[in-house]
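> Take a look at the letters that make up each chain.
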Amino acid sequence: MPVSATNSKLIYDALKECDIRLVSALPETWLVHLIRSADEDPDMILVRLAKEEEGVGISAGAHFAGVKSAMLMQNHGFLASINGIVSFAHLYKIPLLMLISYRGSLGERDPWQTQGGNVTEPLLRALRIPYFSLDAVDTVRKRVRQAQTLAESSLQPVALLLTRDLMWEE
Amino acid sequence: MLRLDCLRSVYSELENCLVVTIMGAVAAELQSLGHRPNFFYLQHAMGLASSTGLGLALCLPEQTVIVFDGDGSLLMNLGSLSTMARYRPRNLIHIVFDNESLLSVGGFPTATGTGTDLEGISRASGIPRVSTVRSVESFKAAVSDAMQGRELTTIVAKVEARGPAAYVTDLTLLENRFQFRRHIQSLKAR
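Protein chains in written order, with our numbering: chain A, 306 to 475; chain B, 2 to 191.
These are calculated hints, taken from the structure and not from any lab test.
Warning: the hint list may mix true and false statements.
[Said to hold, decoys possible] Below, computed lysine to any residue pairings styled on SDA-like, alpha-carbon distance capped at 20 Å: (1) LYS159(B) - SER10(B); (2) LYS373(A) - LYS159(B); (3) LYS373(A) - HIS184(B); (4) LYS398(A) - GLN64(B); (5) LYS398(A) - HIS184(B); (6) LYS356(A) - ARG89(B); (7) LYS373(A) - GLN186(B).
What you are looking at is a predicted structure, and each value in this text was computed from that prediction instead of being measured.
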């Protein structure tokens with residue numbers, strides 16, 4: 306599979322370094338290795354969702370419990386989570402670390418992903434969610450740590466966009 | 002059966018639990034009985050109270066977590082039943098007040114008023130213990146059983162579509178949220 310196992314592991318290890326102990330996820334192609342890593346890790350609570358918005362509530366519960374968490378989702382899952390983000394995470398100042406696979410951007414071959422790609426960044430900006438791209442191997446560790454730090458200090462959602470350059474081996 | 006009477010019947014047993022409620026009448030009525038630092042009222046984000054309870058229950062297996070949900074909220078996030086059933090935390094009790102109505106916006110009927118069966122959906126989703134109750138006595142007994150049973154439980158409580166006179170209380174949302182988290186951290190420190 307041309308999804309990069311090496312770079313997925315890099316991201317997973319970076320999450321572990323941030324003491325992430327719960328991951329919610331809804332599978333998509335680019336996330337398979339990340340989800341598998343969480344599933345095989347006895348110290349990680351993996352919650353497989355029916356719909357991504359549930360992850361907002363689960364991460365809020367984890368935050369109340371004092372457990373750091375992360376959400377793995379496709380950008381269409383981010384679209385499906387927006388009410389939860391606004392009317393829970395923003396309203397109640399809940400830190401969310403959202404790792405969003407950025408489908409539908411440059412190089413996308415699947416026609417069905419392309420509309421989501423068009424609106425991902427404009428919506429993040431409209432929601433005033435700080436976001437950064439994971440696009441190069443040498444900055445993954447630092448950006449994951451910085452995003453997690455910002456989410457915790459600002460008590461708000463922060464997004465990391467998982468890009469094709471990092472996730473896909475052509 | 003009135004929701005307020007149900008809440009009153011179990012109020013004393015909530016003292017040592019973590020409680021998450023949905024918005025509107027449930028939040029206002031529980032507060033009218035007396036707010037406690039272990040109560041969190043999710044005053045929006047309809048559907049996510051059960052998800053919040055699941056996150057709490059998975060992270061704090063030593064605590065009993067009680068979610069007071071409603072038919073309108075649960076119908077917005079039926080997938081949550083399948084997610085809860087998938088992990089079936091033994092310390093999570095999911096109570097659904099079903100008044101067949103979106104009461105706080107004027108009483109518009111929900112699909113449970115036209116035959117949708119939340120007990121059946123819960124059971125078919127894989128929730129191991131499910132019941133429907135129609136009297137305060139059976140409600141109290143069902144909650145008590147669930148606390149003893151130590152198994153993921155959904156209780157559908159059929160209640161009248163009647164609520165409090167007002168929904169806004171003097172407890173601000175952020176005050177509630179920070180107090181709730183601080184309370185949990187104090188439990189962990191013990």
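> If a hint holds in the structure, say so; if it doesn't, say that too.
For each hint, the structure was consulted:
1. For the hint pairing LYS159(B) with SER10(B), the CA-to-CA distance comes to about 15 Å; that is within 20 Å, so the pair holds.
2. For the hint linking LYS373(A) to LYS159(B), the alpha-carbon distance of about 37 Å lies beyond 20 Å, and the restraint is violated.
3. In summary, the hint linking LYS373(A) to HIS184(B) is supported, as the alpha carbons are separated by about 17 Å, within the 20 Å threshold.
4. Between LYS398(A) and GLN64(B) the alpha-carbon distance is near 24 Å, which puts this suggested pair outside the 20 Å criterion.
5. With a C-alpha separation of about 17 Å, the suggested pair LYS398(A) and HIS184(B) falls inside the 20 Å cut-off, and the hint holds.
6. Under the criterion of a C-alpha separation no larger than 20 Å, the hint pairing LYS356(A) with ARG89(B) is consistent with the structure, at around 17 Å.
7. For the given pair, LYS373(A) sits about 14 Å from GLN186(B) by alpha-carbon distance, which is consistent with the 20 Å threshold.
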